[in-house]
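Starting from the given sequences, assemble the full structure and let the hints guide the process.
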Amino acid sequence: MSATGGNYGSVTNSVPVVNGDSHTHADEEQSLLGGGGGARKPASTSLRKKLTTDVQRDWADLILLACYIITGLLDSSSISIWGSFVSMQTGNTVYIGLGLAAPTESTRWIKSATSLISFCLGSFFFSRFHRFFSPKKRWVLCASFIAQTLLCVAAAVILTVGPAAGKDEIAWNVLVPIALIAFQSCGQAVTSRALKYNALTSVVLTSIYCDLFSDAELFSVRNAERNRRVGAPVLLLVGAICGGLFAHSPLGIAGALWTAAFLKFLIVLSWFFWPGEPISDEE
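If you read the sequence shown in UniProt numbering, its first letter stands for residue 1, the second for the next number, and so on.
Rather than coming from a laboratory, the hints here were simulated on the basis of the structure.
Below 30 Å or equal to it, Euclidean Cα-Cα: the simulated DSS-like pairs (lysine-lysine) are: (1) K137 x K50; (2) K196 x K136; (3) K196 x K137.
Here it is as structure tokens:
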């Protein structure tokens, strides 16, 4: 092959060949000119681009399923110690009805009402936060779970360093932790909506049981929806067992909360390193 056999079309600003080292001269000129288009972007630019990218939906249901462990952990310890739920609001609604029917028999309905109101406020906040800033952006998901982590930590600190309260006692160190935990728990449900896994709210199982056993392809080998519906109650049961163990240990619900905060923090890291949607144009 001739020396010019590899050149297609006209070449402008070509570098003369001297003793066969034209590439050396080109490299020297390129470095003197500052590296051209191959310059590396600043770390801050790369981080910003990473955080503003939408996360991929593929396999994100695994994170939502992990949230069922947290729900079981918190609800079982809460119902054991306080007598009210902090995530599943169907039971709290029933407790409120029973309390209004006989308000002097128990204080459980007051705790349940606190949990329900806080959950509704949290749903209002988290849904608008996701909707305003774009639901699937990486930084939005990370910020949501950071907030949930901090609320769990705040409740855990109150229960760890604050005075102990009885099961039927209505005190600030009971109502405030209930409110904080219930407020953050709906963040998981809102995330399921943001990622279009509407069934994996992590705060309800009745509809999942119904959908599971009414599935026409229940016994199919490949059925991703069926697998999710099986995984959700199993993982919540695992969390509930752990929460019950905490409730009957010296650690109490504070131990369950510290564990939940740690798991939430792991989810923050998961969203940070989760694959992002491909970007067609370079910024």
